[in-house]
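So the protein sequences, as listed, match chains A and B.
Residue numbering for the first sequence follows the working numbering, beginning at 1 and increasing consecutively.
Residue numbering for the second sequence follows the working numbering, beginning at 1001 and increasing consecutively.
Treat the hints with care, since some could be wrong.
[Stated by the list, open to error] Lysine to aspartate or glutamate pairs mimicking EDC-like chemistry, simulated, CA-CA at most 20 angstroms apart: (1) B:K1043 to A:E127; (2) A:K145 to B:D1111; (3) A:K331 to B:D1048; (4) B:K1043 to A:E142; (5) A:K331 to A:E255.
[As the list claims (entries may be wrong)] Residues on chain A that point at chain B, a partial pick, calculated with CB under 8 angstroms: (6) D49; (7) K143; (8) K145; (9) S326; (10) G330; (11) V333.
Note that these hints are calculated values from the structure, not bench results.
Backbone N, C-alpha and C fix where the C-beta goes; we use that ideal spot for every residue, glycine too.
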Amino acid sequence: MIALTCPMPQLDFDVITLGHGSGGILTSKLLAAGVFDLLKNPLLDTHHDGAVFELSGPLAFSTDSYVISPIFFPGGNIGELAVNGTVNDLAMCGAVPKYLSLSFIIEEGLPMSEFWEILVAIKFAAERAGVSIVTGDTKVVEKGKGDKIFINTSGIGQVHPQAKISTTYIQPGDKLIVSGYVATHGIAIMSVREGLDFETDLVSDTVNLNHAVKSLLDEFGSAIHLLRDPTRGGVATVLNEIARDCSLGIDIMQEQIPVLDDVAGACELLGLDPLYVANEGIFLALVAADVADQVLTKLRETDVGKQAAIIGEVVPEHPAQVVLTSRIGGKRVVNMLVGEQLPRIC
Amino acid sequence: MKFLTEYRDPEVVESYVGELHKITTRPWTIMEVCGGQTHSLVKNGLLDLLPENVRMVHGPGCPVCVTPVHLIDKAVYLAEEKGVIMCSFGDMIRVPGSRKSLLEAKAGGADVRILYSPLEAVKIAQQHPDREVVFFAVGFETTAPANALSVVHAQRLGLTNYSILASHVLVPPAIDAVMNDEDVRIQGFLAAGHVCTIMGISEYYGLVEKHKIPMVVTGFEPVDLLQGILMTVRQLEAGRATLENQYSRVVPAEGNPEAQRVIQQVFEVTDREWRGIGTIPHSGLEVRPELAAFDANRKFSVSIPKVPECVDCIAGQVLKGIKKPYECSQFGKKCTPENPLGAPMVSSEGACAAYFHFSGVGL
């Protein structure tokens, strides 16, 4: 991917200071010279306390906070993650994302150049997703009271007219589709964490999924029964939530789950199960059995769905449980993640 | 993935499973010693593929599980009260002590770090000459060389702020202790492949001889485990009791002499308490007295009271293979991985946790 950049404006400080969050002249300068200019749109240009707009029909509303470490990782940074994350949450509701809010909590001392890089990533991520950032907030906390930068985004979207997304529509026989490689984001982040010196060319797959979702809803409408992005807790945790909510069983086939070789290797080394590793650039879809193959074909035509695969189905047996058939034909229950997945001793 | 997929080949698995079904004529009880093997058996769904007559019981080979509670209390104390940088392998930090786990101590502000190698801890000691750095050195013979090497490195670098809190345990004395228990009905053993990679196989001839029991040094992949079980059942059906090596691609008969040398250089054999089992003579390693400066047990002389095990927990019987995890009245009820009552539920390699996570029994 080509790194997109914008020239950084001339600012008085090399680092963010407490004054930049005071609401006074430094805040104003930072916003005027940086944020407003970069994220420019008619609603933001009013510089008001909030955005005023009209939207019709059923709406979806979502929020998420981003507290990752490191804030820069192979394939992206916390900025695009904050945009894609909320955009994708809205898409999973069957909505077309429209407007986002953007709030920063910055630890004083963050280099201005890093803040700028994050802002630029936000700008391009919002453009790719076709959303506008229409309101926001900036706070600065003392050194040691934060971890470089935390970002919150909330978003509003219009529910697609053909969408009927709910666990109540799930039926036995529904097919489970995953839109791409599992566990890539989590392992890419882990590869650059302190104390883990494994070398890999892996990059995070963080991306907006809303265009792919819209194309599926346009064509298949209510045959798409559920959409979920398996972020924290990974595929296993989300599938358990779905099975519990619809009181049906879910069978998955290990052989069919797409995992990059590098990711599978890293998981072997670190003693992690890819099913529990966090994802960013993929989603799970439960779709009516009679259209599953067509959905798969359509999804594979999109930028984000080239590796999509049918990995399982909904079954009336073992309600509220997820059962995996291993590569060698053995079966086991896949439970929810307990706490954080920790590397094993040996 | 080379060296991995061939040991997960469904066709090979099927042929071993078929052979096992063909040759098994009577009920046999076999113990896999190592927690890694338990994990793999359950995770890959292998137990379902075995003939009904072949019953696997799960041994005490989870070092995290058998680490005594008072040592965890000590690690927590050092991290909280002495201000040390407490470094540990990942799965050790969630194990509850009598008051709290290292994870909870971390949440309370203690400096607890998860590392993949003890040599990283030596680096941290170099970077923080004003702080004491302790590595919680847990494990069987497998992790002992790396932990020993960290002491050798620290000594070579002239560091005075690095020490290890050693809780090393040894496999052969544990097998002996299990077999000496009169309630135990085990007829064959899968010995732990990785331990033998370091120590070789010679220690096991005596055990085979003494207990007249077949033993097969076995690896961890599905094909390894099934082949190991098949080799054991073949011996049992033929009335033989010998030591065989299924994992010869990794385990040379003499082990790794260089690794053994560094273990000898830093550690000596001692009696060791096993959580859930009790003290087993000559079953652990401690830092040699001449290296006391690198031994957190001697360096920080704090007295941590011993606490009794939970009375509802049948960990001792599970670790000796007398009972299955789901035969415990508390399994999946009062005792879960989030709130473990005893040793085998605390780490993902413990038999109870493996059953809880993967088999769905009792849920």
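ask   = What hints, given by number in increasing order, does this structure fail?
value = 1, 4, 6, 7, 8
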